[in-house]
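Letter by letter, the chains look like this.
Number of protein chains: 2
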Amino acid sequence: MHINIPATERDRIIIVGAGFAGLQLARQLARSSYQVVLLDKNNFHQFQPLFYQVAIARLEPSSIKFTLRKENQKHANVFFRMTSVERVDTAAQRIYTPMGDLHYDHLVLAMGADTNFFGNEEIQRHAIPMKSVAEALYLRNRILNDFERALSVPDYEERQGLIDIVIVGGGPTGVEVAGALAEMKKYILPREYKELDSKEIDIYLIQGADCLLKGMSAESSAASERFLQELGVIVKKDTRVVAYDGKYVEMHDGSKIRSNKVIWAAGIQANKLVGLPESVITYGRRLQVNRLNQVEGFSCIYAIGDLAYMEEEAFPQGHPQVAQVAIQQAENLARNLTKKRQNPQPFSYQDLGSMATIGRNRAVVDLKRLKFQGFFAWVVWLVVHLFALIGVKNKIFVFINWVWNYITYDQSLRLIIRPFQRQQEWKEAEKP
Amino acid sequence: MHINIPATERDRIIIVGAGFAGLQLARQLARSSYQVVLLDKNNFHQFQPLFYQVAIARLEPSSIKFTLRKENQKHANVFFRMTSVERVDTAAQRIYTPMGDLHYDHLVLAMGADTNFFGNEEIQRHAIPMKSVAEALYLRNRILNDFERALSVPDYEERQGLIDIVIVGGGPTGVEVAGALAEMKKYILPREYKELDSKEIDIYLIQGADCLLKGMSAESSAASERFLQELGVIVKKDTRVVAYDGKYVEMHDGSKIRSNKVIWAAGIQANKLVGLPESVITYGRRLQVNRLNQVEGFSCIYAIGDLAYMEEEAFPQGHPQVAQVAIQQAENLARNLTKKRQNPQPFSYQDLGSMATIGRNRAVVDLKRLKFQGFFAWVVWLVVHLFALIGVKNKIFVFINWVWNYITYDQSLRLIIRPFQRQQEWKEAEKP
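Protein sequence lines correspond, in order, to chains S and Z.
Under this note's numbering, think of the first position of the first sequence as 2, with each following residue one higher.
Under this note's numbering, think of the first position of the second sequence as 2, with each following residue one higher.
Read the hints as simulated data drawn from the structure, not as lab findings.
Be careful, since some hints might not be right.
Only part of the chain Z face toward chain S is listed, based on derived beta-carbon distances under 7 Å [stated by the list, open to error]: (1) T9; (2) R13; (3) R70; (4) N78; (5) M100; (6) G101; (7) H104; (8) E149; (9) E193; (10) W405; (11) I408.
Think of the CB as a built atom: it goes at the ideal place given N, C-alpha and C, for glycine as much as any other residue.
Using the sequences provided together with the hints, build the complete structure.
This is the structure in C-alpha cells:
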C-alpha cells in the first residue's frame, strides 16, 4: 500500500520529524516548487524548552504544542501525515511506514534525539525521562500522586521515598526542573499540604561533571549553582548515578538516596532509522553529514538538527544539540534546495547565545560579548521563549499563565490527569 | 490503618464525592463548627456541562477542572483526601478506603452517577461514554486519530467507519455534542483534511423517545431538532440501539449504520457504595432519601445530588439529575446541619430553568415564564456557563478560548495526547 499523496510533476521532498528542524524546513519550502510531505508520529509540534513547565504544572500541554494540520491548511503543496517511519530503501528512494510506502526525490531526516540511558536497563525501567510532553505530564502526575499518598504514610523512610526527588543531569533541563521544583516546595506545598512538613522534602541535582551547565560560561555556571542552593536544592557535582531500582539511587561512591522518583536528564541519543549503512552512524548515534547536511555517501538524503553530526572549523566535535542549530540548518538547507541549487552554501553556525532559568526572577544568559545573571536575565529568558513559541494563541495563553503564576505564587494546574483505560482499543486505534 | 486526619473535638462530616453537590456542601460548611473531610477519587472537581467541548477540542481539560487542594488551602477545618471509598460500616459509623478507614459523625454521599449501558456488555465494551473529562479526551483522540487514518484508506465502507459518528441519546449531552461535531465537519475539516470529502462524513443522533430534549418544552425540543438538521445532522427519533460490535450499530428495526465511533449518552445510573441495605436502593440505583436528604432508616447518613431519590409534591417521580438540584440540596443540607439543627427545613426544588446549545449562535432556553430559542438564547447559555464555572482563572481561559474560536472558526486544540505508556508503574502508583 502507498501513502495516499496526490501524484505530481513536482519533485517530492519527504521530511521525517516535525521538531524545530523539520517544521522550519517545511515552512521554508511551503511556497517552493517542491511537493513537501511532512511526517511525524504525533499530529503536533512540541516546544521542548518548556517541557519542564508542564511537569511542574505551570503550563498545560496544549500551550506548548502546535497542530501540524495548520501547515496543511495554509499551503496547497504541503501534506502532513501522522505516522512513524520504519525504514528507508535508499536504492529505490522509498520510505516504509505503517501507513504505506512512498517514493522521494529528496529525503530529509529530522527525527531528533531521545533519552540516553547509556545501556542501563534498570535505570531505563524506573527513571522518568523528559523528552516529550507525555513524559512531562507523567512526571507531573507522579509528583502529585505521591504527595497525596504521602499524607497517609506514617513511616519516615517510605514517606521520604514519596516526597524526595532526584534529578540526574546538570544541563539546562536538569537545572530548570530543579529550580522549578524547589519553588513548588517553597511556595505551594506548605499552603496545600498543610499536614506534610515541607522541610522533609529534599530535591537533589546530581551532575557527573565538575560544574553545572557545561556548555555555558564559568560565571553562568557558578551563578546557576548559587541560585539553586539558595532555593534549597542539594547539588552534587562530580557524582555519577550507577544504579536505580525504583527505590534507592546509588552513586559511584556507594552512597544512596531513597526516592521513588528519579528524573533522567543525563544525556540524549539520536533516533534510529533502519536502512542506512552503519558507516554513517557516529557519536551518540548521530548521522555523519557534510557541510551541506547531506548524509555521507548520499546526494539526496539529508540530516538536520539533533540527528546530524557535522564538523566545522569552530565546532570540531560537532554542534551542540540545540534548537538554534536545528533552525539554522533547516534555513540553510531550504535556501540550498531552492535558490542556490547551482551554488549551494556550506552551513556555518551562528551562535546566538544560550540561557537557562532557575525559578522566579533568576536566570543566566550568555551572549557573544555579554554575560549576565539575575533578574534582567530572567526577563530576557521570558521574552525570548515567548517569541520563539509557535502560534499566536499559544503565546497568549502562556503569557497569561505566567503573569497569573507570578502574581498568585500559584500553579493552578495541579490536576492528575489519568488516561481513560481502554488499552486494547488504544492499541487497535494506533494500528495502521 | 486509619486515614491520617488530625483528631478533633468537633463533629466530623465526611463528604464522599466532589461534584456539584459535594463541593458545594464542603464550601458551605468550611467555616462551620464541623471538621469536614472531603474525599474524591480525583484531585479535582470537573465541570460536567462542558465535557463535550473537551471532546471536540474546543477547551482543554484543565479549563473545566478545579483542583480540590484549593479548599484545603483556604480553610483550616477542611481536609481533602484523594481516594475512592470501598464500603461503609453503618453500625460502627466508619468508612473504608484503599487509604485506610475513618470514623464519621455525619456521612454525606455525593458520588453522583455514571453511564448506564442497561446491562448490554457488548455496547459497554465498544461505545464511548461521556461522564468524565478522561472519557471526553479519549473521544477527542479517537476522532482525530480516525481522521488521520482515513486519509490512507481507499475502501469506501472502511473509510465510512472511520469518519462517521453515531451519537446515542437525545438529551442535552447528545444534542450538544452532535451540534458541535456538525460544526467541526462544516468549518474545520474541509480546511485541514483537504484530501477527505467532508460530504462523506455523516453524523447521526439516535433518540429512543419521540422528541429531543425530553425534559424541555415542546418549542425548545422542536427548535433543537430543526437547528441540528440545518447543520446536517441525521436525527432518528423513536429509534433504539440494540447492538454494537465496534463496527456496525444495529437499531431495533434491524437497520444498521457502519461506524467505529458510537458516543453513548443514553442514560445514567447512580454509583454504588457497599454496606448500605438493599432496601434503600431504588430507581436507577439512586438512594431513597426523605425531604431532609437523610437516607431512609439513617439519621446521620445523607445522600445529595444525582445519587439521591427524593419525592416531593411537584416531583412525584424524583428530581431531574441536574446540577441545580445538586447545588440546592447541598445548600439546604448545609443550612440544616448548621443554623437550623433544632428545626430543619425540608428540601424544595426551585426550578430555575434549563438550556442547551446547538453549535454556533444557537441555543434553546426554557425559563419558568419565558421560553426562547436562537441567538439570544445562545448568549444567555454562554454567560450562565461562564459564571457557573468554578475558578477565576478557568473563567478567563474559557472566555478567551470561546472568543478565539468564535472569531477564527477554529478549534486549535486538535492535539492527540497519547499517555506515556508505563502502565505497570501507573498501577503501582495508584496502589494505596
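#### Entry: Hints the structure fails to honour
1, 2, 4, 7 and 11
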